[in-house]
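J.: Generate the whole structure from the sequences, applying the supplied hints.
Quick note on numbering: the sequence shown equals residues 20 to 190 in my numbering.
None of these hints come from the bench; they were simulated from the model. The beta-carbon is built from N, C-alpha and C at its ideal position, and this holds for glycine as well. Do not rely on the hints blindly, as some may be mistaken.
Label-pair restraints from in silico Cβ distances [to be verified]:
#1 125 / 159: 17 to 23 Å
#2 145 / 39: 41 to 47 Å
#3 172 / 126: 25 to 31 Å
#4 40 / 152: 24 to 30 Å
#5 40 / 128: 46 to 52 Å
#6 133 / 102: 15 to 21 Å
#7 141 / 104: 46 to 52 Å
#8 140 / 39: 49 to 55 Å
#9 33 / 125: 14 to 20 Å
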Amino acid sequence: ALVLRRGAAGPAPRLLDVARTVPTALLTRAPWVEWTELIALLRAGLAQSGGAEGPHAEVPLGDLPALANAFATLVGGAVTIEDPESRVLAYSRTENGADPLRRLTILGQRVPRWRLAELGASGFLRMLWTSDDVVHRPAEERFPERLAIAVRAGEEVLGSLWVAADGTPLG
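T.: Laid out in structure tokens, this is it:
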């Protein structure tokens, strides 16, 4: 397991105790270290150690469809990776068929403008772009639920990652 923790104060004693008893790599990211720098260091370290195991271990740098499929396997849903203009950069395979909105988004290579207008009017997009956490959009009359998170490099928004239920409820 790997635990990433932000802050310069160092890990709490309880976290250190847990890391000693369970095979865990415990890393602390100082506030001035960018995530992109940390990821580069982690990649270099994993390359030297033989890397991690599991579906995410074989994702080549820059292969967004492979990344979408790895995320889909990890979270148990269908994934789209979108740029800040809601254009589809990559999407995962779907085991149980895509819902109509997902199909429309993938085939059109972008979220339909009418749907963006609805998400904007409801405040969901503002919540997505300002949150550091996963944002849940409950199912609506016409649309199934979604989970979404903004993807950032430092303060710059690079896009978003969306998860749709793929046969099981999200949570």
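J.: Could you work out which earlier hints the structure fails to respect and list their numbers in ascending sequence?
T.: 7, 9
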